[in-house]
Every structure is written in structure tokens, then in C-alpha cells.
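J.: Build out the structure end to end from the sequences listed, making use of the hints.
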Amino acid sequence: DAGVTQSPTHLIKTRGQQVTLRCSPISGHKSVSWYQQVLGQGPQFIFQYYEKEERGRGNFPDRFSARQFPNYSSELNVNALLLGDSALYLCASSLRFFSSYEQYFGPGTRLTVT
Amino acid sequence: DAKTTQPTSMDCAEGRAANLPCNHSTISGNEYVYWYRQIHSQGPQYIIHGLKNNETNEMASLIITEDRKSSTLILPHATLRDTAVYYCIVRVETGGFKTIFGAGTRLFVKA
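Chains as they are written, first to last, in my numbering: chain Z, 1 to 114; chain A, 1001 to 1111.
Any given hint might turn out to be false.
Derived lysine-lysine pairs resembling DSSO-like cross-links, with alpha carbons at most 30 Å apart [unchecked claim]:
(1) Lys52/Z with Lys1110/A
(2) Lys1069/A with Lys1052/A
(3) Lys1110/A with Lys30/Z
(4) Lys1003/A with Lys1052/A
(5) Lys13/Z with Lys52/Z
(6) Lys52/Z with Lys30/Z
(7) Lys1003/A with Lys1069/A
(8) Lys30/Z with Lys1052/A
None of these hints come from the bench; they were simulated from the model.
T.: Here it is as C-alpha cells:
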């Protein structure tokens, strides 16, 4: 079975631009979460979606937004990019919303803002 | 939000058991303890999780103290491929769902 997939693998953008990152969860998984990992730090929680509804949000500015589609795939959008947005963006999926269900992570999208 | 505290780094000899401690003294009754590991800049890999009881799977064992304020991840026979950053996290489920990662423990397995 395919794991969590993310696209693109790498991305280079300029300050002020907008970016969209994509995630396909494991088949049958209905919950998707997004994380930002800056070099040398642990992943920081951005959003969780379940059944197309936002179920959790981390401490990120409104420039960050996300959505989940009927097929449970998800997009993360970041507007007005800053140099500090350069990071590895990780997507994780789980079968259900509840914390008793483990999350499985994708390989991530490496975003570089110049 | 519950948070975790882990040692910054640890060493372990190949073939020996690696015991990675984690403190989560503010954990609530309905919050699970999860362990993940991350090799280089790959996505974190799920290892194991538990609520109250000790757990074991093909990768590791998780020992949770009776008061649930700390736990230990045990890799029974560490190999060089187990060298990674190990994260102990608590899944918070209050007013929304947040998963909070700390800085993790960098485990070095040496031949």
C-alpha cells in the first residue's frame, strides 16, 4: 500500500509569492495534519483536518491556510512568503480524528524562500 | 498543553538496549504518549504509542510510569540504522487537536 505522498518534493519561491503544497493520505485515512519543520527543530503543528473540517490549528499567522477535499487529500497554502517560511513541510494522515490513532508522515516538501 | 522533556543526546553500543526517557509531568488523563523517530530530513516514522499500559511491538517497547508523568522507549537490540532523532510527544485533544513535538533526543548507535 502507498504511504502518504506529498508534492512537490522541492520548491523555490521568492519573498512575497504564494505557494500551494499538496498531500495525499494513506487510502482509507480521513484525517490529515500539516507540520512545519525548520532546520534543527522538531516539527511544529500547523493544522489538522478531519472530514473536510478544520479540527485543530497551531500558532501560525493567517497567511497559512489549508483545506481538505472530498477524497481526503489536502492542500496547504502560504501567502506573502517570508524568508522564515523556508522549512520542510510535512503532512501526516491518520485513520480517524482521535488521539488513539497513530499518524503516518509523508516525506515532506522542502520549501526555500529567497 | 502538555509538553515533554527529553535529553538532548544519548549514545548506545550496537546490540545493546537503548533506553530513551521522556518526562511529561503535565499530561492529562486522556492524552496518549507517542514516539516517533526521524532520520536525516525524512518524514518522522511512527514507533509506538500508549495511554496507561506498557506496550510492545516489533520495533520497540514503551514503559509508562503508573502516575503517567514519564515514560521510556526501549529499543531492545540497537543497530546502526537506529541512529536518529527520537521524539516523545503527547497528543492533546482539548479545544481542537494539537500535536506538540519537542526537540527530541539524538541517539547515536556506535559499533
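J.: Each hint needs a verdict: does it hold in this structure or not?
T.: A quick look at each hint next to the structure:
The suggested pairing of lysine 52/Z with lysine 1110/A is violated, with an alpha-carbon distance near 46 Å, which exceeds 30 Å. A threshold of 30 Å between alpha carbons decides the hint, and for lysine 1069/A with lysine 1052/A the separation of about 10 Å falls inside it, so the pair holds. At most 30 Å may separate the alpha-carbon atoms for a hinted pair to count; lysine 1110/A and lysine 30/Z exceed this at roughly 40 Å. Taken as a hint, the lysine 1003/A and lysine 1052/A pair is honoured in the structure, with Cα atoms around 17 Å apart against an allowance of 30 Å.
Annotation: proposed proximity of lysine 13/Z to lysine 52/Z holds, straight-line Cα distance about 28 Å (limit 30 Å). Of the pairs offered as hints, the one joining lysine 52/Z and lysine 30/Z holds, with about 9 Å between alpha carbons and a cut-off of 30 Å not exceeded. With a C-alpha separation of about 11 Å, the suggested pairing of lysine 1003/A with lysine 1069/A holds against the 30 Å cut-off. Taking the CA atoms of lysine 30/Z and lysine 1052/A, the gap is about 26 Å. The hint holds against a cut of 30 Å.
Going through the hint list in order, the structure does not satisfy hints 1 and 3.
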